[in-house]
Amino acid sequence: MSIRKYNNPAIIHKEKNVSRKSSNWLKAACAFANMNGGTLIFGIKNSLIVGLKNIDSDYNYINEQITKLIEPKISFNIEIKTYEDKQYIEVNVFKTNNQIYTCNIDQVKNVYLKTKRQIFIANSFQLQDLVLKQQNTTYDALQLNIKKENASFTKLRSIYYQLKKKNINIQTLKLIDKDYLTNAGALFSDGCLVYQSKILATKWLGVDKTSKVVNHIEFQGDLLYLFKSAKKFIKKNSNLVWLTRDYDRIGLPDYPSQAINESIINALIHRDYKTIGSEIHIDMYDNRIEIYSPGGMYDASLIQEQNVFKLEKQIRNPILANVFFHLGLTKNNTTGLKTIINDYKNQFHYNKKLKPKFFSTNSSFVVTLYNLNYNRQ
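In UniProt numbering, the protein residues as written are 1 to 377.
What the hints contain is simulated information worked out from the structure, not anything from laboratory work.
Yeah, the Cβ is synthetic: ideal placement off N, Cα and C, and Gly gets one too.
Check the hints yourself; a few may be wrong.
So the derived label-pair ranges between C-beta atoms look like this [stated by the list, open to error]:
id: 1; residue 1: Q347; residue 2: L142; range: 17 to 27 Å
id: 2; residue 1: I78; residue 2: Q304; range: 43 to 53 Å
id: 3; residue 1: I11; residue 2: S363; range: 54 to 64 Å
id: 4; residue 1: K331; residue 2: E149; range: 16 to 26 Å
id: 5; residue 1: V213; residue 2: L127; range: 29 to 39 Å
id: 6; residue 1: L142; residue 2: D208; range: 37 to 47 Å
id: 7; residue 1: Q143; residue 2: K109; range: 44 to 54 Å
id: 8; residue 1: Y374; residue 2: I121; range: 14 to 24 Å
id: 9; residue 1: E312; residue 2: L243; range: 17 to 27 Å
id: 10; residue 1: I121; residue 2: D177; range: 28 to 38 Å
id: 11; residue 1: Y374; residue 2: I11; range: 38 to 48 Å
id: 12; residue 1: Y374; residue 2: L200; range: 20 to 30 Å
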């Protein structure tokens, strides 16, 4: 007896029995409460309802353990359900945005999160993100002890005026708060007010880091400077291959320009800026570019387990994203990852083996762009 609605491992946790020894299902309940909610099913194996023999005892034990060991109290409901002749238990854990939940396992309290494949203890980056969510704010909105008269926005004002033919309102864009810079303001202001606002760019001779370094540059400064510098570095270390066809010459770039732009902006917007000493890395090899940024997915999921075209919009630094949108440098009605893939698909020399790849861990995000001309040279 199979129930297909219980097949999404991101929001479903399955247990054949109600174990008194394993705490895995308790950790899952805690993780769901800390994330976007989810459902625990007891009496199921894979997608087959096998039922529970001691349904009333199991019901009471689940209810008691969740209430006793997860703090503060989570919002959930528990039901006994019947599928054909089998009884099973369904526990729905509801999403809340203003709490951080811990689970007490063997007298040790931890905050848990969940991906499709694993339940894990939140790291320091993720705990800081949870604290900000609890406070209903984001890193880029936090106020700094830097007065607005001590900062300038020359590049930002110039680009905005060229685009809109009017002056930019720094306060409306939340770059200042009550006459003081926000973190977003510091990142867009001229110069370098945020030490970790930097990119390390390296061109390697070969396809891995055991080869010779051809070019290495460190860029440090405001986000517009970093964006421009990263684009220039990639362009300088890329080629344009010319194809003669029907008396026409077609220029075939190593990397599509829109995909490059979106990859850089994605790193600048979505990276975690909270750790001093962290930076974006751009590594150019003969056959690909890898763009690494600190901080995993904002919702603690793993990008490689997601359908990029169905991602829910969750942004670690929404003010940064909004400024890039108002400057006409990125779109607001789609995700940058979809744009990257579509830009590749639109290239004359594209094939499926060259599809961009996205990979994340609990503390990092990597975009891999393949050289469209690598096997043509």
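These are the hints, each one checked on the structure:
Under the hint 17 to 27 Å, the C-beta atoms of Q347 and L142, about 40 Å apart, miss the expected range. Taken as a hint, the range 43 to 53 Å is violated for the pair I78 and Q304, whose Cβ atoms sit roughly 33 Å apart. In this structure, I11 and S363 break the distance hint of 54 to 64 Å, their C-beta atoms being roughly 23 Å apart. Under the hint 16 to 26 Å, the C-beta atoms of K331 and E149, about 34 Å apart, miss the expected range.
Under the hint 29 to 39 Å, the C-beta atoms of V213 and L127, about 36 Å apart, fit the expected range. Between L142 and D208, the C-beta spacing of about 39 Å keeps the proposed range 37 to 47 Å intact. Evaluation of the 44 to 54 Å hint for Q143 and K109 yields a failure: the beta carbon distance comes to about 31 Å. Separated by about 41 Å at the C-beta atoms, Y374 and I121 break the suggested range of 14 to 24 Å.
E312 and L243 have their C-beta atoms about 40 Å apart, which leaves the hinted 17 to 27 Å range violated. A hinted range of 28 to 38 Å for the beta carbons of I121 and D177 is consistent with their spacing of about 34 Å. A hinted range of 38 to 48 Å holds for the C-beta pair Y374 and I11, which are about 39 Å apart. Checked against the given bound of 20 to 30 Å, the beta carbons of Y374 and L200, roughly 23 Å apart, stay inside it.
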